[in-house]
Each structure stands twice: as C-alpha cells, then as structure tokens.
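Going line by line, the protein sequences match chains V and L.
Here the first sequence is numbered in numbering that gives the first Met the number 0, starting from 0 and rising by one per residue.
Here the second sequence is numbered in numbering that gives the first Met the number 0, starting from 0 and rising by one per residue.
By construction, these hints were calculated from the structure, which means they are not laboratory data.
Model, not experiment: these values are computed from the prediction.
Each hint should be verified, as a subset may be incorrect.
[To be verified] Keeping only pairs whose Cα atoms sit at most 25 angstroms apart, straight-line, the calculated PhoX-like set for lysine-lysine is:
| no. | chain 1 | residue 1 | chain 2 | residue 2 |
| --- | --- | --- | --- | --- |
| 1 | L | K239 | V | K78 |
| 2 | L | K63 | L | K138 |
| 3 | L | K239 | V | K163 |
| 4 | V | K177 | V | K77 |
| 5 | L | K39 | L | K107 |
| 6 | L | K202 | L | K180 |
| 7 | L | K67 | L | K138 |
| 8 | L | K138 | L | K22 |
| 9 | V | K77 | L | K239 |
| 10 | V | K78 | V | K4 |
| 11 | L | K202 | L | K183 |
| 12 | L | K180 | V | K177 |
| 13 | L | K239 | V | K129 |
| 14 | V | K23 | V | K4 |
| 15 | L | K239 | L | K138 |
[Stated by the list, open to error] One side of the interface only, derived from the structure: several residues of chain L facing chain V at Cβ under 7 angstroms:
| no. | residue |
| --- | --- |
| 16 | R169 |
| 17 | E221 |
| 18 | Y231 |
| 19 | G236 |
[To be verified] Chain L regions said to be covered by chain V (calculated; three or more residues, Cβ under 8 angstroms):
| no. | stretch |
| --- | --- |
| 20 | 157–168 |
| 21 | 172–178 |
| 22 | 240–253 |
Backbone N, C-alpha and C fix where the C-beta goes; we use that ideal spot for every residue, glycine too.
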Amino acid sequence: MIEIKNVSYCYHKEEADGRINENKVLNNVSLTVHEGEFVAILGHNGSGKSTLAKHMNGILVPETGDCLIDGLSTRDEKKLLEIRSNVGMVFQNPDNQMVAAVVEDDVAFAPENLGVPSEEIRRRVDECLKIVGMWDYRRAQPSRLSGGQKQRVAIASVLAMEPKYIILDEPTAMLDPKGREEVISTIHRLNRERNMTVVLITHYMEEAASAERVAVMDDGEIILDGTAREVFHEIEILKNIGLDVPQATELAFMLREDGFNIPHVITVDECVQAIAEALEVKS
Amino acid sequence: MFKDVIIGQYVEGNSFIHRMDPKMKLILTLLYMILLFSVKSIPAYIIATVFTLFIVCLCAVPFKLILKGLKPMIFILLFTAVMNLLMTRGEPLISYELFGRFTLSVTKEGVRIAVLMVVRLLYLLIGTSVLTLTTTPLKLTDGIERLLKPLDVIKVPSHEIAMMMTIALRFIPTLADETDKIMKAQLARGADFESGSIFRRAKALIPILVPLFVSAFRRADELATAMEARCYHGGEGRTKMNVSRIGSRDIKALVIFLIFAAAAAAAEIIV
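Same shape as in the complex, but just chain L:
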C-alpha cells in the first residue's frame, strides 16, 4: 500500500526550467510571489497571467498534472472567494437580511477583490507547483542549503537543516515500508483499523505508532554510528560532489522575469 509513495511530485524532464539551477529557481519563485502580491491593476494582472502561462508552457509538464496539484487547495480558494465576497464594504449588488439583524451583502468591490484574490492564489500555486514539478527534492534541499549559507554568520544552521531534510527524504520510503509491515502484523492478530468512531480508529493506530517510533529511534542510533564511521563531523570543511553553478541559462531566466516584472510595474504606474 505504501510501496509507490512518491516523494515530492517531481516529473522527469529536460526542459529549460528543469535544467535551471535550483538556487535560481528558488529565488525566482520568491520574486514571482512578491510580484503577484504587489500587482493590483487589471493590466498588471494580464502581464502576470502571460508570464504564468509562459512558464507553464516552458516547463513541459502536462497541464493536467499541474491542475491535479491544485485540487487539494480548492477549499482554500473557495473560502477566500466567499470571505472576500461577503466581507468587503462598498456598493451593494445583492443584500440579504440575516435574522433581521445582520445584513449580508455582496458588493461590487467585493466581487472584484474576490476574483483578483483567487487569481492571485491560483497563480501562486501554479508557480510553486512548477518549482516542485521540475526540481528533485534532493536538488531543492541542496539549493536551500546554498541559499541559507550566507546566514551562517547569524548562526542559522544551514548545513544541519539540509542534512535533516536529506535524511528525512531518504527514510520516508523505509519507514513507509515498515508501517506497512507493522500494520499487516497487527491485522494478522485481529486488529481493526477501519470500523468504529473516529476516536476508536485513532486509538487503533497506537499499536502501529509505538513500534514505529521505537524502530525509528533504533535506526537513528545506527545511522548516527554509520555516519560517524564515515568521518561525518558536521558541515565544517565539507565538499560536494555535484556543485551546481548559476549559468547563462539562469541569468537568461532572471532577465526574462525582470522584463515581465518591469512591464507589470509600468502598467501599475500608468493605470
């Protein structure tokens, strides 16, 4: 049941975006988020839309997969839309009396803000999906480590954070397998995980979690010994086998983004 757990949602590919340096991808995603939250006018939104469509086409990941990644967020999108529709003051379009006391009204401004907010969130999700769909979790971790590196000065443990993420990624399938084994062992002894109230079912998970934790601690202990035996002594003086550098491709991507950002800024000012 856990055999085919996919960590992250990386889709194999060889597109321009796939081959970009993870550091630059992370930086651009951050800049893209800032851009999305600073645009307010319709023309600027149109420019953001064009840019979003541009990266979706460029990343060569089937659009269906991107949409699939949006599904779990539908509730949040709807919630945002409804809240903005009802909570914005302004010129009422429809009004509804509630218990004769409160008036719920959908205003013209509300509709505008709701639509723009949903579009903004949607683009945000698409942008971050493109990042995770085109970058392996390992490369992401590496990128995060390198971006956090300058923060070592203010005692941010960038190497330790990255190491923890790497080990977590490495052990997800192992622990998933183990969970599966323990569940089967408990089922064979008559455990029932499926029926009863939610509390009963939650309680039924205890005999799975306890052995899982015990084993995870044992594994952690053995792994620590094995790492020490292989000369691990923290991030100090460590080198890397694969050093990814920011290349001309990444500079190109940055320039393209900046052109779009400048266009959006110009649109904001003109309107």
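So here's chain V without its partners, still in its complex pose:
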C-alpha cells in the first residue's frame, strides 16, 4: 500500500537578484494506492503530478507530511533501496533512462545494483523481456529501437527488480499513437495478469479513462478522486481547470444537452451502443 499523507513540497528557485522564490508544487496532498489497483493521475503541466510521483519512491522527500510504502517511510535513508526496489518507476523520455548500450544489459542494470546472483539476473532478464514482448530484441542497441519499443524495454528494466508497484510518469508523452498503444496495453496486461499495482501519470484522457481509478490534480491539490466513470461525470469541474474529457464522454454530454436520452459513457464502445439505442427508440 502506498500512503501519501498530507504531503506538501516546494521547489526553491533562486531569482536573479538572489531572492529565493518558493514555488509550492504540492499542497497538503493525501492519496492511498491499494495493492492491485490501477490508478491514473491526471492533470495538466505544472499541476504537480510528476512531483507527486517522485515522492512515491523517495526521489523526493516531502517537506511536511509523510509518504509510506508498505509502512516504510521514504524519509528513512536506510530503507531507501528496499523502497525503490519495490516501487519501480518509468520516466517520460525513453532515451534518458537507458544506461547500457545493449537492451539486455539495460534490463540487467537494476538487479545488478541489488546484488542479485548472476543466474537469477539472467532468468529475470529473459522473463521480463518476454513479458513486454521485446525478447527478440535482447541484443539490439537501444538507439535502433522505436519509441514504443524503448519504453517497453524501460518497463522490463523496472520489472527486473520484481517490484510490487510500478509508477509511470507520462510514459507515452513522447510516443506516436502506435507506440502509445503498445505501452498502454503492456501496462494493462501487467495489471490484469500479474496483479501489478500501477500508477499512471498522464495527461491523455483516453489513457486515464481506461484506469479503474482516476485522481485529478490541479495546482498541487487532488481535486477529484474516484472511478473513471465518476470522475469523468464531473465534466464542468474538469473543463474549469482546463482539462478535457474523453471524446466519447464529451459527445454523449453534448447530445444529452441537446435533449437526447443518452447516459454518461466513458469509452467509445459504450458511446456507440448508447447512440444506437437512442436512435432505435426514436425510430
């Protein structure tokens, strides 16, 4: 269980005139992620969602409040390795998180750091590369892979630590639609088949809509937290903070406003079905 309790965090930036400017990024945030959950954290740039993610594996330590991973505080430096090996983290830019010049060496990096015996590392590397479907590329150079493939290798690299939780900080922001689809379906498979707890930071509504639970952040605070269906029902609130809702939801909303009898939907399939039913009733 990841427990974030009343966490606040500021970035300190020194201005040209030597004054120190405090920039409050997180303001009394609380969030609990249970095992096996798939949580999407939604928010536009600067809403503090990446900062929140970096608290979950102790890269950042809260200024006030506490961040507990399975009861271990990220403030405890002695437990940091244990926390980090339990909470894997995938970052936005696939190029800047690969250490080695060969795919399988990169996947081996984390278990090597943890002092895992050689044969066990070999087993984990093969297994993790197979899970993300990159085993055929194990001897490839990362620079020759596509964005989606690189990001899947990055996921495998994190899985090699055998973590309980995996945090993905906008993993698809730099990818083309095909790469995005590859990465998102891989994450969903991990959650479904391996019961991996997933926290997906994103600003794509469609990706958030596919999660069980969505938390919406704005200006360093969590303003909505609930199932995807509940959260996207709050169309007005979302629009107010400059976020969109999934296109299907928006279409259904607009039709409803125009007097059609269409329920709240979040996926394209639901939307298609609802419209078809509405048309049938009409004719």
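Place chain L on chain V using the hints.
Relative to the frame of chain V, chain L by itself:
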C-alpha cells in the same frame, strides 16, 4: 549523416580470438607491446613478425580492414622514419649541406633504426587493431573494470571509470542524432557551416554546441534520476549478469604467446 556511426571498430566473428576473455586479451596486448619494445636484433624481429602474422590469420578479420585502420597513422609512421633517418649519428651514406652550416646526413645506422622503428610501430598498431576489431566496446570496458579492480585498494575508482565509459558509449549515437537535428534546424534558418575561413567555420559551430551541451546536461540529470530509481548506489555490492571467466582457451593463448616471447628472448641472447 551521423546515423551510421560505428562505435569502436568491432567486426562480428567467432574466431579463437573473438571468443577469448577480454581481460586476457588486454593483458596479452600489453605483453605484446612490451615484447615489441624489447626486441632489437633481426632474428627476434622475425619471430615477432611470425607472431603478428599468426594473430592476424587467427582473428579471421579481413586483412583489408586491418590495413584500413592503419591509414590515419601513416603520417606518424613517416614522421618517425624521417626523424630516425636524419637524426641518427654514424657512418654517413648521403650528406647534404644546408645553408653551408648544417649537414644533414643519412647514416647506415639511421636506415637500420628507421626501418626497425617503423616495423615496430606497425606491429604495435596491428596488435591493438586486432584487440579492438575482435572485442566489443562493452566487453572491453568490462575487461578494463575487472583488471583495474585490484587497484581499488589504492583508491582507483575502477567501477566509476567503467560506468562512465559504458554511459559514454550508450550516449554517443543519441548525441550524434541530436547534433544532426540541431545542425539541420540551424541550416533551415540559414546558418552556413561550409564557407568562409577556418575561424568563421569554427564560430559557426557555436550555435550547434550550445544547445547540444544544454541538452546533454538535461539528459545527464534525467539519467541520474532514472539510475537512482533503479537502485543504483555505486559499485558496492553490485553483481554482474555476464561474468566472463578466464578459461582454457585463454591459458592456451597465454602459453602460445610465452613460447614466442621465449623464442624472441633466446634470439636476442644468441645474437
């Protein structure tokens, strides 16, 4: 333009030398260098020649490729030859008066030393080429790390050196790509990298280097975070996925080398 940068000059292969442990290859290359600089007599040179030809044949890399690697060194070879020809005192073969003051003379000893020196350098280059042609940069790095390991006692940061080399190797293609992008972006805005004096052209590189450095620093920062997130905490308590061990093949190679070295030493003593 930078798409096909090849790092190092590794040639894929499965020869005896390819399969040797990088540590042993590094050690033997070092011993080979010492051998080359200790031989002085013609018979010993002949033995060194046979050994050099032997490894060239054994490494199964086309001889053309090895020669290609020697090309950039031609100037140094020529320079060494000329300097040795002119600077060695002894029995003059040809003399030439310069401005009526200096006498430039090519001596018999000069010719001998020049020829031997060039041959020595040539073999040295061939030997090191065989090393880099048959070993991937990654394996080389690994070999260097393991050879430097005992020096940890005297505070040589062997793990950090190897890590730096690995990361550098990893980022060469990425940064090469980026350079290409920045150059194209500047060209699209009318930058001119090709005309003008050498100073003008050097100055034209500034708008490429500045963004490249800025981006390299940003990348370094992100990479450091990503490494920390994957539990990196220095070389302490680290294990390796691929542990290469010195095997019977490496011992064989060492024995063969020692036989040649002994023969060369014997030749030196007899002559």
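Verification of the hints:
1. Under the criterion of a C-alpha separation no larger than 25 angstroms, the hint pairing K239/L with K78/V is consistent with the structure, at around 23 angstroms.
2. Pair hint K63/L plus K138/L holds up; C-alpha atoms about 24 angstroms apart against a cutoff of 25 angstroms.
3. Taking the CA atoms of K239/L and K163/V, the gap is near 23 angstroms; set against the 25 angstroms cutoff, the hint holds.
4. A hinted pair counts as satisfied when its Cα atoms are at most 25 angstroms apart, and K177/V with K77/V does not qualify at roughly 41 angstroms.
5. Between K39/L and K107/L, the direct Cα distance comes to roughly 16 angstroms. Compliance with the 25 angstroms bound is thereby established for this hinted pair.
6. Proximity of K202/L to K180/L is assessed by CA-CA distance (about 19 angstroms); at most 25 angstroms being required, the pair is judged to hold.
7. Between K67/L and K138/L the CA atoms are separated by roughly 23 angstroms; this keeps the pair inside 25 angstroms, and the hint holds.
8. The hinted pair formed by K138/L and K22/L meets the criterion: a straight-line CA distance of about 9 angstroms does not exceed 25 angstroms.
9. A threshold of 25 angstroms between alpha carbons decides the hint, and for K77/V with K239/L the separation of about 23 angstroms falls inside it, so the pair holds.
10. For the suggested pair K78/V and K4/V, the alpha carbons sit about 18 angstroms apart, so the restraint of at most 25 angstroms is met.
11. Under the criterion of a C-alpha separation no larger than 25 angstroms, the hint pairing K202/L with K183/L is consistent with the structure, at around 17 angstroms.
12. Proximity of K180/L to K177/V is assessed by CA-CA distance (about 23 angstroms); at most 25 angstroms being required, the pair is judged to hold.
13. A threshold of 25 angstroms between alpha carbons decides the hint, and for K239/L with K129/V the separation of about 20 angstroms falls inside it, so the pair holds.
14. The hinted pair formed by K23/V and K4/V meets the criterion: a straight-line CA distance of about 17 angstroms does not exceed 25 angstroms.
15. Proximity of K239/L to K138/L is assessed by CA-CA distance (about 12 angstroms); at most 25 angstroms being required, the pair is judged to hold.
16. The interface hint given for R169/L holds, since its Cβ lies 4 angstroms from the closest Cβ of chain V, which is under the 7 angstroms cut-off.
17. The criterion of a C-beta within 7 angstroms of any C-beta in chain V is met by E221/L, whose closest approach is roughly 4 angstroms, and the hint holds.
18. For Y231/L, the interface hint holds, since its Cβ comes within 7 angstroms of a Cβ in chain V; the closest pair sits about 5 angstroms apart.
19. Taking 7 angstroms as the C-beta contact cut-off toward chain V, the hint placing G236/L at the interface holds, the least distance being around 5 angstroms.
20. Closer than 8 angstroms: that is the beta-carbon criterion, and the stretch 157–168 of chain L has 3 residues meeting it against chain V, so the requirement of 3 holds.
21. Taking a C-beta to C-beta cut-off of 8 angstroms, the stretch 172–178 of chain L contributes 3 residues in contact with chain V, enough for the three needed, and the coverage statement holds.
22. As drawn, the stretch 240–253 of chain L meets chain V at 3 residues by the rule of a beta-carbon pair under 8 angstroms; at three or more, the given contact holds.
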